[in-house]
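Using the hints, position chains B, C and D against chain A.
Here are the chains, one letter per residue:
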Amino acid sequence: MTSYLFIILGAVLVNNVVFIRILGLCPFMGVSKKLETALGMGAATTFVLTMACGASFVIDRWLLIPNQLEYLRTLSFIVTIAAIVQLTELVIQKTSPVLHQVLGIYLPLITTNCAVLGIPLLNVSLRHNFLESLLFGFGSAMGFTLALILFAGLRERMEAADVPAHFRGTAIAMVTAGLMSLAFMGFAGLDKFR
Amino acid sequence: MNNSPYFLQPASVQSVMLRVLLALIPGIAVYVWFFGAAILVQIALASVTALLAEAAMLKLRGKPVMMFLADGSALVTAWLIALTFPPIAPWWLTVVGVLAAIVIAKHLYGGLGQNPFNPAMVAFALMIVAYPSLMSQWPAVGFTEFLPQWQAIFGPRQLDAITMATPLDALRTALHTADARATVAGVLGSSASFGNIGGKGWEWVAAGYCVGGIYLLQQRIITWHMPAAFLATLFVISGGFALYDPTRFVGPSFHLFTGGAMLGAFFIVTDPVSGCTTPRGKLIFAAGIGLLTWIIRTFGAYPDGIAFAVLLMNIAAPLIDMNTQPPVFGHKRKAGGRP
Amino acid sequence: MNVVQKLFGFHGGVKPNYNKEASTRLPIAAAPAPTRLVIPLHQSIGGPPRPLVKAGDRVLKGQRIGDADGDVSSAVHASTSGTVIGVEMRLMPHTSGLSAMCVVIEPDGRDEWVERKPFDFRAATPTATRDYLRDAGVVGLGGAVFPSHLKLNAGKQGRLDTLVLNGAECEPFITCDDVLMRERADPLLRGAAIMREMLEASRVLVGIEDNKPEAIAALEAAAKRANDASIQIVAVPTRYPAGGAKQLIRALTGIEVPHGERSTDYGVQCFNVGTAYAIYEAIELGQPLISRIVTVAGNVGQARNYQVLFGTSMRDLVALCSPLPDTDRIIMGGPMMGFRMPSDDVPVVKATNCVLVGSQKLFPPPPPEMPCIRCGECAKVCPADLQPFEMYWFARARIFGKAQEYHLFDCIECGCCAYVCPSRIPLVDYYRFAKSEIWAREVEKEAADEARDRYEFRLLREEREKQEKAAKLAAKTAAGREKAAAALAEAEKPARTPEEEAKHALIAAALERAKAQKDQVHPENTGNLTPEQQAEIAAIEARRAEIREQAKPHLRQDD
Amino acid sequence: MLDALLVMALGAIVLGAALGYAAVRFRVEGDPLVEKIDAILPQTQCGQCGFPGCKPYAQAIAKGEAEINQCPPGGEEGIHKLADLLGREFKPLSAEHGVEKPKAVALIDEQTCIGCTLCIQACPVDAIVGAAKQMHTVIADQCTGCELCLPPCPVNCITMEPIPESVENWKWKYPVVKIVPASKVAA
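Chains as they are written, first to last, in the numbering used here: chain A, 1 to 194; chain B, 1 to 339; chain C, 1 to 559; chain D, 1 to 187.
Check each hint, because a few of them may be wrong.
Stated by the list, open to error - One-sided and incomplete, this derived list gives chain A residues near chain C with beta-carbon spacing under 10 Å: (1) Glu70; (2) Ala161; (3) Asp162.
Since the hints were derived computationally from the structure, they do not count as laboratory data. Glycine included, C-beta positions come from ideal geometry on N, C-alpha and C.
Okay, chain A solo, but in the shape it has when bound:
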């Protein structure tokens, strides 16, 4: 039981997908200007990533490995993810057109969000079982969402700051992301403690 908790905690804090693994930076920079969008993106990614981890585990374990098709792993994972993203997009477009417009290009880009492909691949290399895969995917996505929300909160305040002209916008956002990453390094070692 505790090991499951550690998987989630480790994925959220210690090996935060954005700050420590440095994955998924594109949407992290792109849709963190407002808290509402960040929440929407976080929710969408959480859904996609958890589904992708589950589906990829099933495909890997019962389709690829029995047929010695491990070399198709990346390809088949991508296809699966793309389908899940497409589904999510359709749902969002129906339920929240504004969120759909605001997420814009980043929504289909979840497909190419390296976090979404990276976490299922990590699941394979870490030899997680089905439940662990799901939890790891969910935890990582929560870590992504956490990073996105915290960042959005900061950016909403920084929007009004007197940042020097050359650093306004993305530049200062990158600096901030770096400093946030620095802060998250403080969690280093927590997951190794038993």
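Just chains B, C and D now, with coordinates in the frame of chain A:
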């Protein structure tokens, strides 16, 4: 000509900053008494670097240099960096730390009042991640001889005789990496340098900071919320775990009087710019720092957790503020929430 | 009567230096009628009154010269008898330095009243009484000049619990309410009794800051004389802004009236003591509001309170108090919330409770503004429980939506935050700026919404006309075929009737004339253009032509 | 090899079927976004953006066919709002579509007007009243300042008058931050 109000209370940022510096003096005095004058060299070094960096940045940004230089905020940052860095750290470590604080953490965000992160803590975290061993060499108690300390700062460095790890670091290393039978009591009893409460010498330095903190409280520069919430959280959580398993978890007195706890409680956590500002937010913010400090100190990879804890809570501060807005006049019956 | 009133207090507040002694040493004096009165028509919240007089008219003292425009407005009267020498734009007592319509009267020195008769409000319907007060020009004299008749309405509940009279007068220097309460306590309480009856309030609480013991004593004595057990005089602790209506209501009753809601819905209504006196004058003496007590204080030899006719120039008023030579500005109101006047030659109006004479020494210019360090001092003193530094943070960056999320409009602009700010930021100026920008935007938004409705209606109408025309055409062709044979016989007739012929000639002639004029007349906004601008206009024209081309099918329906 | 093809084909069929069903199930009708964009536009209906009215421009933005910086009456403020709503980057007002001008209303010189009704037909918000051969006048409150009535007027009797500042519409200015030269403070 200005508009109303035409009356202003005599108060200034400058006087606030000067009183903060004044409040640091008791702690520094005790520091010098136990660990030698190296800390004064570091403070001077940090101050000069900070003022130069501040002036250069103000100039670059086209702001009136003297006016902003005189506000004293750069000096407060510099002193805090000097006090959190090892006093025998090489000079360039301090200089780079101060530059990172003033240039990156402060002026890239627009200078005084606009930085989302505590500049001094950015410097500490950056340096401890980059140079973990240099940041872990502290002077041994009572070794106050000036020349070796001077050489440690400006070279040539011959450190073995005078350095040791901080009590916090020593305890953590012993519990983490030594054999599984190590216990808190065993480690603390193994060396006289652990002192009575929280490390020989260090406990008195902490007391000095505490005196300065009480002065700040009395001057109404800080409110009780943050120090109280921070110290209480640290006390309760460390006390609780020490009761649960005294062999693996050290008690609250050690946590409160070692490392940066007291300095942090009154001078770092209370930084208004990067912290929370609502009454409830302040409590949550400081309690969060207390909790994270204990977690990182107990389970983490770095000797002291305050810098990381402060930075982590800095990140969360805007969100905490947003969700703890006090009810506005006439809206009190409704629950507080996002404004 | 001597029941100890429980006090509730309010959050925040400051204790500036009060400076009230100088102007209370001498009793109220009547300011002499000046040689010229400039009476602005718009002296209250609401619509600007319509002028009833024109140059050359003779007016009597108390004669209505401006009629309330709708119910949310208030009438204006001549302050003395004389001749109207103009209805024109004059400099207003407003920070903007802009002008507005004023009635300029040359007094004849006879001070001849119109016929005055008391108004029997008990015999009249509440609506009639309110109309009477509107036409008597009675407005709130605390400084907000909200028409009083609108507030004398018990609201949803039909009756009120408490009528609060505001005699707190918390602003430094101002003592006009203080001396009014000392010298005219009896009529003041009679005005209060009238208001209580109109509002059917069960009790009257008069809140006075405890630094005015004489006023408290005078009102207590008057209350005893009036033998009215429902009137209670309550001393409230001296703390600025205890005289803010909401703060006083909170201090006296514990009720917090939210921004944008009527206090009557909470069973309370609040009036300034000066307003109570004005209502007494209007109802019992039949006198409209033509003068008020004004404190002249600050950088003067002898500060004092004067009964001043509206329209008197502040310059004349200040001259009575021997201003000191280093005087550099005139402020209307107190030092915390008052407004700097564009000149000293602006008239005293209903909102003028104090004419504060300033100098560099008395009100030194603030030191340079430093950045906000979020120390939270402003939040500690804010009587509206706001987070002033957050509002400032976003107002400064012109992110108005965020400023509004932090309840910008709950701000009462009391100035406490700026008073304590260690960075000496003119916080209130930022709020005023943000508020007026937001208001302007709201007006624009409303205009845009109206324009959209009108545009959509126009499209709808065009569509309808097109259909009608099509239907008519169809009917015509059907009828036309039947008539075709008959028409054939008359085919020799000219294509155009003589009338049509004439019309065409007329249009042609007009166009000809227009063409000629076009060469001569250059519209101002297209003259003297730089080549860049001309090129730009040409480009815009080209685009517009394109659109017209696209929209042609649309337009043709109309032809 | 055949296995691989089979697996991929199977995946494609299954996923394709799922998506096809979802596309039918979650079909979107209407476009609420256009309304939101239209609400930001100033409704002058002036056509400077290159579209015949504010609504068509809003539709074009929603479809991604138009930039957000083509509306001079909306000004920088409007562009910021659109950028916020749509999560796009702010762009300065496109010069080819015109410049931001102070708000003005049309005024008909009643001496010159010949009563041709051409301006009435041009006015998108019906803010001009009058009849054939009668003198026309502009209802200033309803005029959006679009200038569309200027070109059709055969006698050029319409001018744009900026709205004057009055005590009612006066705005508090941005507080002036006094930057004291360094030398002065040092002295």
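Okay, the hints, checked on the actual structure:
| no. | hint | result |
| --- | --- | --- |
| 1 | Glu70 | 52 Å, violated |
| 2 | Ala161 | 8 Å, holds |
| 3 | Asp162 | 8 Å, holds |
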